Amino acid sequence: MSAAPHLESPVAAAAPALAGRRAPRLFRIGPGIALPVHPRALIWSGIVLVGLIVAAVLTLSMGKLGIAPQSLPAALFDPPRGAAGFTLTTLRGPRLLVAIGVGAALGISGALFQIVTRNPLGSPDVIGLGAGAGAGVAICGLLWPGVLPTPAGALLGAMLAITIVYLSTGRGFAAPARIIIAGIGVSAMAHAVTQYVVSVKLRDEASQLAGYLAGSINSVGWGAVGIIAITLALCLPAAWALSPSLNQIALGDSLAHSLGIRVTATRTAAIIVAVVAAAGAVTVAGPISFVALTAPQIAQRLTRSPALSLGLSALLGALILVVADLLAQQAPWARGLPVGILTAGVGGIYLGALLIREWRKGRL
Amino acid sequence: MTPTPPGLRAHQLRVGYGSRTVLSDLSVTLPTGAFTAIIGPNGCGKSTLLKSLGRAIVPRAGAVTLDGTDLASLRPKVIARRLALLPQDPIAPDTIRVRDLVARGRHPYHSLLRQWAPGDTEAVDRALAETGVTHLADRFVSELSGGQRQRAWVALVLAQDTDYVLLDEPTSFLDISHQIDLLHRCQDMRSAGKTVVAVLHDLNQAARYADHLVVMHEGAIVAEGTPADVLSADLVREVFALPAEITIDPQSGSPLIVPLARV
Amino acid sequence: MTQLSPTHAAARVSRSGRARVRTLGSRTLILIALLLLLLVLSALSLVAGSRVTSVSEVWQALSGTGNPHLQLVVTERIPRTIIGAVVGASLAVAGVIVQGITRNPLGDPGLLGVSVGASAAVVTATAITGTAIGAGTVWVALAGALATVVLVVLVAGRPTAGGIVPLLLAGAVVSAVLGTYIQAMILTRPAVFDSFRFWVIGSLSGRRLETLAEVAPALILGLVLALILASGLNALALGDDMAHSLGVSVPRVRAGGLLAAALLCAGATALVGPIAFIGLAVPHIVRALVGTDHRWQIPAAILLGASVLIAADIVGRIIARPGELMVGVVTAFVGAPFLLIAVRAGRAVRG
Numbered sequence: 382m383s384a385a386p387h388l389e390s391p392v393a394a395a396a397p398a399l400a401g402r403r404a405p406r407l408f409r410i411g412p413g414i415a416l417p418v419h420p421r422a423l424i425w426s427g428i429v430l431v432g433l434i435v436a437a438v439l440t441l442s443m444g445k446l447g448i449a450p451q452s453l454p455a456a457l458f459d460p461p462r463g464a465a466g467f468t469l470t471t472l473r474g475p476r477l478l479v480a481i482g483v484g485a486a487l488g489i490s491g492a493l494f495q496i497v498t499r500n501p502l503g504s505p506d507v508i509g510l511g512a513g514a515g516a517g518v519a520i521c522g523l524l525w526p527g528v529l530p531t532p533a534g535a536l537l538g539a540m541l542a543i544t545i546v547y548l549s550t551g552r553g554f555a556a557p558a559r560i561i562i563a564g565i566g567v568s569a570m571a572h573a574v575t576q577y578v579v580s581v582k583l584r585d586e587a588s589q590l591a592g593y594l595a596g597s598i599n600s601v602g603w604g605a606v607g608i609i610a611i612t613l614a615l616c617l618p619a620a621w622a623l624s625p626s627l628n629q630i631a632l633g634d635s636l637a638h639s640l641g642i643r644v645t646a647t648r649t650a651a652i653i654v655a656v657v658a659a660a661g662a663v664t665v666a667g668p669i670s671f672v673a674l675t676a677p678q679i680a681q682r683l684t685r686s687p688a689l690s691l692g693l694s695a696l697l698g699a700l701i702l703v704v705a706d707l708l709a710q711q712a713p714w715a716r717g718l719p720v721g722i723l724t725a726g727v728g729g730i731y732l733g734a735l736l737i738r739e740w741r742k743g744r745l
Numbered sequence: 419m420t421p422t423p424p425g426l427r428a429h430q431l432r433v434g435y436g437s438r439t440v441l442s443d444l445s446v447t448l449p450t451g452a453f454t455a456i457i458g459p460n461g462c463g464k465s466t467l468l469k470s471l472g473r474a475i476v477p478r479a480g481a482v483t484l485d486g487t488d489l490a491s492l493r494p495k496v497i498a499r500r501l502a503l504l505p506q507d508p509i510a511p512d513t514i515r516v517r518d519l520v521a522r523g524r525h526p527y528h529s530l531l532r533q534w535a536p537g538d539t540e541a542v543d544r545a546l547a548e549t550g551v552t553h554l555a556d557r558f559v560s561e562l563s564g565g566q567r568q569r570a571w572v573a574l575v576l577a578q579d580t581d582y583v584l585l586d587e588p589t590s591f592l593d594i595s596h597q598i599d600l601l602h603r604c605q606d607m608r609s610a611g612k613t614v615v616a617v618l619h620d621l622n623q624a625a626r627y628a629d630h631l632v633v634m635h636e637g638a639i640v641a642e643g644t645p646a647d648v649l650s651a652d653l654v655r656e657v658f659a660l661p662a663e664i665t666i667d668p669q670s671g672s673p674l675i676v677p678l679a680r681v
Numbered sequence: 003m004t005q006l007s008p009t010h011a012a013a014r015v016s017r018s019g020r021a022r023v024r025t026l027g028s029r030t031l032i033l034i035a036l037l038l039l040l041l042v043l044s045a046l047s048l049v050a051g052s053r054v055t056s057v058s059e060v061w062q063a064l065s066g067t068g069n070p071h072l073q074l075v076v077t078e079r080i081p082r083t084i085i086g087a088v089v090g091a092s093l094a095v096a097g098v099i100v101q102g103i104t105r106n107p108l109g110d111p112g113l114l115g116v117s118v119g120a121s122a123a124v125v126t127a128t129a130i131t132g133t134a135i136g137a138g139t140v141w142v143a144l145a146g147a148l149a150t151v152v153l154v155v156l157v158a159g160r161p162t163a164g165g166i167v168p169l170l171l172a173g174a175v176v177s178a179v180l181g182t183y184i185q186a187m188i189l190t191r192p193a194v195f196d197s198f199r200f201w202v203i204g205s206l207s208g209r210r211l212e213t214l215a216e217v218a219p220a221l222i223l224g225l226v227l228a229l230i231l232a233s234g235l236n237a238l239a240l241g242d243d244m245a246h247s248l249g250v251s252v253p254r255v256r257a258g259g260l261l262a263a264a265l266l267c268a269g270a271t272a273l274v275g276p277i278a279f280i281g282l283a284v285p286h287i288v289r290a291l292v293g294t295d296h297r298w299q300i301p302a303a304i305l306l307g308a309s310v311l312i313a314a315d316i317v318g319r320i321i322a323r324p325g326e327l328m329v330g331v332v333t334a335f336v337g338a339p340f341l342l343i344a345v346r347a348g349r350a351v352r353g
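Chains as they are written, first to last, in our numbering: chain P, 382 to 745; chain E, 419 to 681; chain W, 3 to 353.
I should point out that these hints are in silico values taken from the structure, not numbers from a laboratory. Careful: at least some of the hints might be erroneous.
Said to hold, decoys possible - Below, a sample of chain W positions facing chain P; criterion: calculated Cβ distance under 7 Å: (1) Trp141; (2) Arg191; (3) Phe195; (4) Val331; (5) Ala334; (6) Arg346.
Predicted model only: the values in this text are computed from it and were never measured. The beta carbon of each residue, even a glycine, is placed where N, CA and C say it ideally should be.
Modelling step: build the complete structure from the supplied sequences, incorporating the hints.
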């Protein structure tokens, strides 16, 4: 008999019903559509969206080349000529859109990884995607320049890393713990490649590469905006369609199965979507760390719900990256640093707080 | 396949993990509307049989049929509306409340655009009430005691509203009063018309509370029938390697296994 | 109850059934074989290299006759081989200890923040003094590594409270934060980056025996501590409660083990820079060879760790001729597949 007191005897009659008190609100369209609505998630999404708009306006309007906030609406529909137009359409516009898109893609990717691996540390970085992309960039950009464009190198490296992880778990993506450990090994190999390339190259080239390796959106154009927009157009609906099944997988594979989920197929599909989202992000911005890790965690704490909150994760990812990039552009102490460094610094400290809290609660 | 009578049946099942075969050529019919207990010594394949019946393990050969239909030919959600399996180690997500956990049992009735079905609220309320956890509905699952948590899981399975309920060692890690309570719930489900199948460890509990026993030994079924028919001193000695005497439970009249004193 | 205990003991033995029964003789034979392997590899390390030499040439060089230029090459290979052996042995023993105290087959001295701490200290020192990495580096790295381990332990809090998990988590966190710091430093200071990028991949080339003498006290202290703790680690392998009931002070073994691993790993890192995977992979092989007894594992780890690092160095010198591949790159490429195979076989993680 355990020492903990039981609040009621096992044969106690059912207490007075509190029925219906927490029945969910529904969003209905006709008889065919009924989706549960989580008020907290909606409210927080609104707040984060407002924050994102403010950060975006600041990004476009601060500094010497900024466009005054009051003339922004007009400028958006009819881009002015001259310096202001250049700022909007070439300098900061694409960069802002890429920050939003990359952040959103990373937020989605991280949310999917965390629910699939049932691990708050699950993220595309952990399974070697970022390190693989870095090695790909090092090889295509420095070792054999001109063979392939750098973004293609990033994509290939990321895909190669994921493939090795997939093959070496022995069970594909069905064994979450194995994915993470195989990812550690693949990351180590990819880092070794990168460091080797960095060490054999000239200082300036290597330094430039090191900047990219931290993840940077300093010089992106409309092509990058296109890539990330296509990525999101593919991944958002897919992730949304998978999310009800993923919530059931959180109950354990056997029970999810008993509730009618195709567990392995759903998990594999979710990881593929997560990998595509992260690969799109890494292609345009390089390996930006910690956004995918932190955005879903913050989202979960804001909604106070165990369910996957894709939309809020995406919005938070976008907000984190836009704010970090704003700092990289405007804060004197951060100027010239790649945005990935700022996200890593903030994310690392957040990760520490998270881990310490988890084990204090005795759950790890 | 020959025409099959209604109910849950296994036909010449072969199941294994890696290079190890656990069950081979196993056939069994589970009596409809009864509470069946699967018993046997550790490692005899009880849980494997239960999981195979619930399609949590795909057999290498043979089939599981439900009212004559091969489960392999049905969509997972269709199966999930008829047959529920509570595994031994389900995972409660962080920060989930009891009501939300129980509501997860309604998933088989949902679709992508209809994530709330008519009758969900009633089914969840009924399941909470039947397992006596209505007053805990707004508590976090992580705050519950072991017995309360197990009842929340049973409530989830009840909310799934299936004719067949399979439970994998539902009494492990519960103290004795909660074990008995859970077995009463199994009897209640049976009385409500469900077919209940549970893997149980305790022979005397199985003998007293179940209507039907399936006794397994080394991957094969060695006996099945009512407790009074099945349990004999010879069987207990051979299957469980336990010299014992069978007497009568003074409370229920069911067989009671009493290990022999050492000589 | 007393009559029952023999069966109880039998059950315990059969449960740990994977521990193969090894006679004293066969384990001694394995140690002798490992010693021979080390000697052969050391000899090979003197012969092989970007400039091929024959055994007779090496012999002539060692005895002071023959081509003076060749003599220079060969004498340069002697400290390299010795340092390689010492570093490999230290990292392997540190790995055995960390895996022992964490009871985690993925335990690696790097998890305690040793390499990242050493790196952060080297970066800081280079940025402050402005000089390229040089004579004092070994002290800076040693201090940085030890300070980081202390920091990790402090972040983790009381070691008894949550077992060993908080320690691993704290190591991950401190590594993440220091990693960011290192990145920011090297990106904003090209000169720091330039010298650091060579240090950060462990390499045996150009290391001198005088440097080895400087860190020798740390390494010797760590090794002695490890040998003292070996039987305590055996008890710890049965679980904290069991170790306690066997009369072992669990916190003391843990703290001593941490100190030993930190000294060994920090000394090795200070000597040649961060080297991955020796501390992870060698203990696994050692366990397969001599079983679960730490009193045998430690000597076996010394011999095998030294052999593996020297072998990796030889490979690095041969495959990238006329240049050479840093030994840190080679160990990552040898060690990581080892980890992946372990994962695939299901030995690294259950489930």
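Hint check:
no. : hint   : verdict
1   : Trp141 : 23 Å, violated
2   : Arg191 : 10 Å, violated
3   : Phe195 : 6 Å, holds
4   : Val331 : 5 Å, holds
5   : Ala334 : 4 Å, holds
6   : Arg346 : 4 Å, holds
In this structure, the hints that do not hold are numbers 1, 2, in rising order.
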